[in-house]
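Position chain B relative to chain A; hints supplied.
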Amino acid sequence: MPETDKPLLAHLFRRAGFGATFQELDRYSQIGYEAAVDELLHPEQQPPIEEDVLERYYIDWKESRNIEGALTESVYRMNAYAGKRPLQEKVALFWHQVFATGLAKVLHEKTMLNQIDLFRQHGLGNFRDLLVNLAKDPAMIFWLDNNFNQKDALNENWGRELLELFSMGVGMDGQENYSEEDVKNAARAFTGWTIDDDNVASIPFGKTPWLFRYVPEDHDEDEKTFMGHTGNFNGEDIIDIIVQQPATARFLSRHLYNFFVADEPQVAAWQRTTPGNLDAIKILEKEYFRSGYDLRSMLSVLFNSDFFKSDQARFAKVKSPAEVVVGTLHLLGDFQFPKRGIFEVALGCRYMGQDLLNPPSVEGWHTGEEWIDSGSLVERVNFVADQVSDIHQPGVRSMVDELLGRAAELDPVTIIDGCLELLGHVRLHDKNKDHLAGEVRCMLEQRSSLTAGSPEDQQAAERTVLHTMKMIGSSREYQFA
Amino acid sequence: MTAEIEHPISQQRFYRYHDVIGLLSAAGPGFSGPVSVITGPDGNLWVANRANPNQPEAVRITRCTKDGDFIEHFGEWGEEPGQFTWVTSIAFSPEGELFLADENTHRITVFDSNNDYVRCFGKHGNGPSEFDRPSGLAFAPDGSLYVVDTLNHRVQALTSSGEFKSQWGSFGDGEGQFNMPWGIAIDSADNVYITDWRNDRVQKFDASGKFLLAFGSSGDAEGQFNRPNGIAVDSEGDIYVCDWMNDRVQIFDQAGSLKDVLIGHSGMSKWGRTFLDANPEIERKLALAVQNIEIKERFYRPVSVHVDSAGKVFVADCYRHRVQIYQKL
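For the record, the sequence lines run as chains A and B. The first sequence lines up with residues 1 to 481 when you count with the numbering used here. The second sequence lines up with residues 482 to 810 when you count with the numbering used here.
Isolated chain A (complex conformation):
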């Protein structure tokens, strides 16, 4: 018997995507939870967005020449895929957070967008392959100076971050995971891994793509010792050794848990803090090795696990700004076809504290409750409240019609419960729900009846529903995934 619980499906899509509309939840409840997970894990089986139409209208995006253009394109794509390939986009966002690379230094927007495409293509594949592709990614090479890493002039930046931030972490269970010698020898193995071009000039004819280039004469061919192994290692050999480490399994599992299940402490604290749910981490570590480092398999285990599906996990994570913006756009059904205005909407991510493609450092953004400060909270509340009460948005229109079509009598409980459900099975604390019920009751009592079908009643009913949705969108609870 397939699991058809809509609140559970809504939880799945908040985490594995950017939320689901009530129509989407209807569809997924027909096929059941496990089938929905399977569909999420195979985005390649869903249709792509219409790239020609996108390029036709957003002519400037193909060769995005400034950070705002790149940011806008990213948000547009996330929204366009939110109903088709949500996990592909969510995983790309995940890797962008883990392998944080930024335009503050890279200054080549298309090259940054190519890196995000890499995450779309390989983000659900084999972790070893992902790391190899990352090591050859021009944005990453430039970001961490591997283009200056030569056999006679070592630059350890990439080698260090590969171990510290991208695979093993500094330590686990209070122990160090690697030594300074390991860092140095990893860096030596990646000498000669560079890019074709270090120019950042867009003049005279626009920027041309940065391309990976291996320069054998710049590669250190001498013997190296890394994590207890000795040989004439090249970069791929180092990654082969890295992916075999228990520390890598731990680090990756903890990242997946932190992003998809529940907020963990910030990464810098992981050496000395035990995972919040060690049993869950062990399950993911086991799957990492069993599957041969396969990310899709790990996520399959994660999404089908009791620890993910548990009531305790629901609404336990603070939404990232990208989740707030894209999740709201998806709910509204907005920007399903290119039009002007996406730029202004996309900037919402920046104003809420997540300047996509431009993280504050190689450590990415601090997540969880650190997303929230007084300024960003106001931005979040205003953004959502304005959007979900706009009756001209197709998604809002359909939610209102759905709710008004359900009940002949509009009492506060019907309205509030209906809005909570349609907005994605949001939960309000009892106190807030009581407060909202009082407000809705006041609105209803301004009229003698909302049961008849007169135009005035219809308008009053719409206003009441829209106001209720606005209040829910403004709530503290809506900021949690």
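The set of hints was computed from the structure by calculation and includes no laboratory data. One should not assume that every hint holds.
Unchecked claim - The calculated DMTMM-like cross-link candidates involving lysine to aspartate or glutamate, where the alpha carbons are at most 25 Å apart (straight line), are: (1) K685/B with D52/A; (2) K433/A with D311/A; (3) K105/A with E764/B; (4) K286/A with E176/A; (5) K105/A with E762/B; (6) K685/B with D613/B; (7) K62/A with D38/A; (8) K339/A with E557/B; (9) K777/B with E55/A; (10) K433/A with E369/A; (11) K766/B with D196/A; (12) K777/B with D196/A; (13) K184/A with D237/A; (14) K136/A with E775/B; (15) K62/A with D593/B; (16) K777/B with E762/B; (17) K339/A with E561/B; (18) K547/B with D500/B; (19) K793/B with D613/B; (20) K184/A with E164/A; (21) K339/A with E560/B; (22) K339/A with E538/B; (23) K604/B with D390/A; (24) K777/B with E703/B; (25) K286/A with D38/A; (26) K62/A with E557/B.
Note that this is a predicted model, so its numbers are computed, not measured.
Same frame as chain A, but now just chain B:
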């Protein structure tokens, strides 16, 4: 003695690369996403720049000589009358007024010979003289304005003041139907050529909209298209089609048979040379991109093609912010 530079010849040897005009710039000499190139009544080139919403000052019309000397630029970004945001094409009327299609405001805006705003017409809709993302513009010899009404999948013929005269087309892939048409050209016999963008073909009609011919199919083989847009017809009846996502311009005879292909052979422009002479460090860096040398010469999303009376072919090489010029031999 200076050796004469032998300019590249096209595949079938009907065209020789001649020159390039361009430089990525939001002001003064330069273009930013050129989407439409035409010869004006003054004999100079007029180029519409699409640019992007993050750089509204770059949304403008640039005027320059065909030798690449900058004359002026004008235009103002916005949605008020006289302003424009998503420019798709420009065309001159027989009276010398400049018409500009804006697919954001769904309007046609008219400027006089002093570049001053005169009037605009059109609004969002699917009725007569209404538009849903207008794109290609062309004037018939009798002064009728033809507008490609992209999302209404039709062509409208209007007076120069915007009054409705006739229309043809509907959504579909049959004869006379369209799927998001884009470009338009009119030959000396008043025949109308439309690039049927999402059907990957060109359709030819007489002046009344009667279907005459279609050629092209989806693909990247010779004679096939991947979203054709800009189109032009020269005085000998040869048809030039920007094969947008195949990054080439294909040339056909009147029967729709392929004659030649242009792929782009850009050298350095006069404006670019001036910039690099002042910034030698950038030229040194550009030379480091050894894997990109050929890429830099080729078309990258050509959007508009125009042939003048001297047989010069001007291609708006949109993502490279330049106009490449070929000479018909």
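Going through the hints against the structure:
1. For the hint pairing K685/B with D52/A, the CA-to-CA distance comes to about 23 Å; that is within 25 Å, so the pair holds.
2. About 19 Å separates the Cα atoms of K433/A and D311/A, which keeps this hinted pair within 25 Å; it holds.
3. Restraint check: the Cα-Cα separation between K105/A and E764/B comes to about 21 Å, which is no more than 25 Å; the hinted pair holds.
4. For the hint pairing K286/A with E176/A, the CA-to-CA distance comes to about 21 Å; that is within 25 Å, so the pair holds.
5. A distance of roughly 19 Å separates the Cα atoms of K105/A and E762/B; the hinted pair therefore holds under the 25 Å criterion.
6. At most 25 Å may separate the alpha-carbon atoms for a hinted pair to count; K685/B and D613/B meet this at roughly 22 Å.
7. Restraint check for K62/A and D38/A: the C-alpha separation of about 32 Å exceeds 25 Å, so the hint is violated.
8. For the suggested pair K339/A and E557/B, the alpha carbons sit about 20 Å apart, so the restraint of at most 25 Å is met.
9. Proximity of K777/B to E55/A is assessed by CA-CA distance (about 20 Å); at most 25 Å being required, the pair is judged to hold.
10. With a C-alpha separation of about 23 Å, the suggested pair K433/A and E369/A falls inside the 25 Å cut-off, and the hint holds.
11. Our distance criterion of 25 Å between C-alpha atoms is met by K766/B and D196/A, whose separation comes to about 11 Å.
12. With a C-alpha separation of about 14 Å, the suggested pair K777/B and D196/A falls inside the 25 Å cut-off, and the hint holds.
13. Restraint check for K184/A and D237/A: satisfied, since their Cα atoms lie roughly 15 Å apart, inside the 25 Å limit.
14. Note on K136/A and E775/B: the hinted pairing holds, with a Cα-Cα distance of about 22 Å set against a maximum of 25 Å.
15. Taken as a hint, the K62/A and D593/B pair is broken in the structure, with Cα atoms around 33 Å apart against an allowance of 25 Å.
16. Distance hint between K777/B and E762/B is fulfilled; the C-alpha atoms sit about 18 Å from each other, no more than 25 Å.
17. The straight-line distance between the Cα atoms of K339/A and E561/B is roughly 18 Å, inside the 25 Å bound, and the hint therefore holds.
18. Between K547/B and D500/B, the direct Cα distance comes to roughly 9 Å. Compliance with the 25 Å bound is thereby established for this hinted pair.
19. The straight-line distance between the Cα atoms of K793/B and D613/B is roughly 33 Å, outside the 25 Å bound, and the hint therefore fails.
20. Among the hinted pairs, K184/A with E164/A is consistent with the structure: their alpha-carbon atoms are about 13 Å apart, no more than 25 Å.
21. Annotation: proposed proximity of K339/A to E560/B holds, straight-line Cα distance about 14 Å (limit 25 Å).
22. Of the supplied pair hints, the one linking K339/A and E538/B holds, its CA atoms being roughly 20 Å apart against a limit of 25 Å.
23. Our distance criterion of 25 Å between C-alpha atoms is met by K604/B and D390/A, whose separation comes to about 23 Å.
24. Distance restraint check for K777/B and E703/B: the Cα-Cα separation of roughly 23 Å lies within the 25 Å cut-off, and the hinted pair is therefore satisfied.
25. Our distance criterion of 25 Å between C-alpha atoms is met by K286/A and D38/A, whose separation comes to about 20 Å.
26. A distance of roughly 24 Å separates the Cα atoms of K62/A and E557/B; the hinted pair therefore holds under the 25 Å criterion.
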